[in-house]
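Given these sequences and hints, build the entire structure.
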Amino acid sequence: MPVFHPIGFGTWNRFGEEAYASTSEALAAGYRHIDNAEGYENEAEVGRAIAGSGLDRDTLWITSKVAPEHFAPGQIKQHAAASLDKLGLDYVDLYLLHYPAINDEFEIADYVAQIAEVKASGMARNIGVSNFTIRHIDQATAHLGDIPIFTNQVEIHPFMQNAAIVDHCRALGISVTAYSPLGRGRVGIDATLKAIAEDIEAQPGQVALAYLLAEGFTVIPSSGNPKRIRENLAAQDITLSPAQLSRIRALDSHDRLVNGPWCPTWDENPLRTA
Numbered sequence: 044m045p046v047f048h049p050i051g052f053g054t055w056n057r058f059g060e061e062a063y064a065s066t067s068e069a070l071a072a073g074y075r076h077i078d079n080a081e082g083y084e085n086e087a088e089v090g091r092a093i094a095g096s097g098l099d100r101d102t103l104w105i106t107s108k109v110a111p112e113h114f115a116p117g118q119i120k121q122h123a124a125a126s127l128d129k130l131g132l133d134y135v136d137l138y139l140l141h142y143p144a145i146n147d148e149f150e151i152a153d154y155v156a157q158i159a160e161v162k163a164s165g166m167a168r169n170i171g172v173s174n175f176t177i178r179h180i181d182q183a184t185a186h187l188g189d190i191p192i193f194t195n196q197v198e199i200h201p202f203m204q205n206a207a208i209v210d211h212c213r214a215l216g217i218s219v220t221a222y223s224p225l226g227r228g229r230v231g232i233d234a235t236l237k238a239i240a241e242d243i244e245a246q247p248g249q250v251a252l253a254y255l256l257a258e259g260f261t262v263i264p265s266s267g268n269p270k271r272i273r274e275n276l277a278a279q280d281i282t283l284s285p286a287q288l289s290r291i292r293a294l295d296s297h298d299r300l301v302n303g304p305w306c307p308t309w310d311e312n313p314l315r316t317a
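All residue numbers for the sequence shown refer to our numbering, where the first residue is 44 and numbers rise by one.
What the hints contain is simulated information worked out from the structure, not anything from laboratory work.
Each hint should be verified, as a subset may be incorrect.
[To be verified] Heads up, simulated PhoX-like pairs for lysine-lysine below, C-alpha to C-alpha not over 25 Å straight-line:
#, residue 1, residue 2
1, K129, K162
2, K270, K237
3, K162, K120
[Said to hold, decoys possible] Across the chosen pairs, the derived CB separations fall in these ranges:
#, residue 1, residue 2, range
4, D280, R227, 18 to 28 Å
5, A185, G117, 32 to 42 Å
6, A293, G165, 20 to 30 Å
7, G267, I232, 17 to 27 Å
8, P116, A234, 10 to 20 Å
9, D101, G228, 17 to 27 Å
10, E148, E244, 43 to 53 Å
11, E60, G165, 24 to 34 Å
12, I243, G165, 38 to 48 Å
13, E150, I232, 37 to 47 Å
14, G188, G59, 40 to 50 Å
15, K270, P191, 35 to 45 Å
16, R273, A163, 37 to 47 Å
This one's a predicted model, so the numbers in the text were calculated from it and none came from an experiment.
Quick reminder that beta carbons are idealized off the backbone N, C-alpha and C, glycines included.
Written out as structure tokens, the structure reads:
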């Protein structure tokens with residue numbers, strides 16, 4: 044059975060041949076966890092990279108997501124099938140609701156039941172959510188009953204550590220996956236991260252990823268640069284000292300990157316302290 048590796052390769056914002064080339068590079072570098080979504084509009088290219096890798100399917104963990112525009116009754120299973128067709132796969136290891144329904148347009152009881160059907164049909168080995176707030180997590184768990192939510196994928200990086208939803212998910216036994224773990228490039232210019240990186244002869248991005256891994260998150264960094272792709276994966280070999288972890292923990296400033304009109308009302312977050 045495939046393993047849910049703590050570092051996955053994110054495919055957001057990679058289009059056309061770049062999606063194919065970067066995913067191929069990631070698989071060649073040693074990534075075995077690929078994070079994708081129908082909303083990324085690159086499923087066919089990612090699927091082509093998977094097929095061309097020569098790797099056994101059972102060694103890979105593939106995640107996909109259904110967009111909230113497609114939560115109307117009876118739609119989610121159809122979209123899961125379309126994603127599998129584009130990816131060239133018989134199943135995904137994890138299928139997520141990409142956001143709660145926009146402005147609660149659709150009933151959560153219905154779309155949660157729909158994604159449970161995707162799992163029951165064998166199209167997904169596990170199901171989960173992304174960008175769910177405490178309210179949505181509680182509603183989803185109530186409707187799913189004994190069907191587990193595998194993960195909640197949310198924005199987490201040193202400047203947005205999202206304590207409220209992280210703590211709530213962990214109390215319920217739900218793992219947390221950090222998207223945008225590099226703060227969309229901001230980690231590369233932060234003085235604290237640069238100083239720690241210099242001390243341990245690493246890159247600031249590696250320090251940020253090593254911190255999030257030490258905090259117990261799964262991370263899904265993305266890059267189109269072959270050197271950076273390999274550097275990100277090597278972050279799993281970095282061990283930070285308690286003092287270094289404390290310095291990074293103190294960087295939390297609630298600097299949220301994702302806050303569009305399609306987003307739910309986010310939970311209020313207490314500041315992390317060292």
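Here is how each hint holds up against the structure:
Straight-line distance between C-alpha atoms of K129 and K162 comes to about 18 Å, which keeps the hinted pair within the 25 Å bound. Between K270 and K237, the direct Cα distance comes to roughly 18 Å. Compliance with the 25 Å bound is thereby established for this hinted pair. With a CA separation close to 10 Å, the supplied pair K162 and K120 stays within the 25 Å bound. Checked against the given bound of 18 to 28 Å, the beta carbons of D280 and R227, roughly 24 Å apart, stay inside it.
The hinted range of 32 to 42 Å is not satisfied by A185 and G117, whose Cβ atoms lie roughly 22 Å apart. Remark: the range hint 20 to 30 Å for A293 to G165 is contradicted by a beta-carbon distance near 46 Å. At about 19 Å, the CB distance of G267 to I232 agrees with the hint of 17 to 27 Å. Checked against the hint of 10 to 20 Å, the C-beta distance between P116 and A234 comes to roughly 51 Å, which is inconsistent with it.
In this structure the hint that D101 and G228 lie 17 to 27 Å apart at CB is violated, the actual value being about 35 Å. E148 and E244 have their C-beta atoms about 50 Å apart, which keeps the hinted 43 to 53 Å range intact. Judged by the Cβ atoms, the range 24 to 34 Å given for E60 and G165 holds: they are separated by roughly 32 Å. For the pair I243 and G165, the supplied restraint of 38 to 48 Å holds, since their beta-carbon distance comes to about 45 Å.
Between E150 and I232, the C-beta spacing of about 44 Å keeps the proposed range 37 to 47 Å intact. Roughly 42 Å separates the CB atoms of G188 and G59, a value that falls within the hinted 40 to 50 Å. A hinted range of 35 to 45 Å for the beta carbons of K270 and P191 is consistent with their spacing of about 38 Å. Range check, R273 to A163: about 39 Å between beta-carbon atoms, so the 37 to 47 Å window is met.
The earlier numbered hints that this structure contradicts are 5, 6, 8 and 9.
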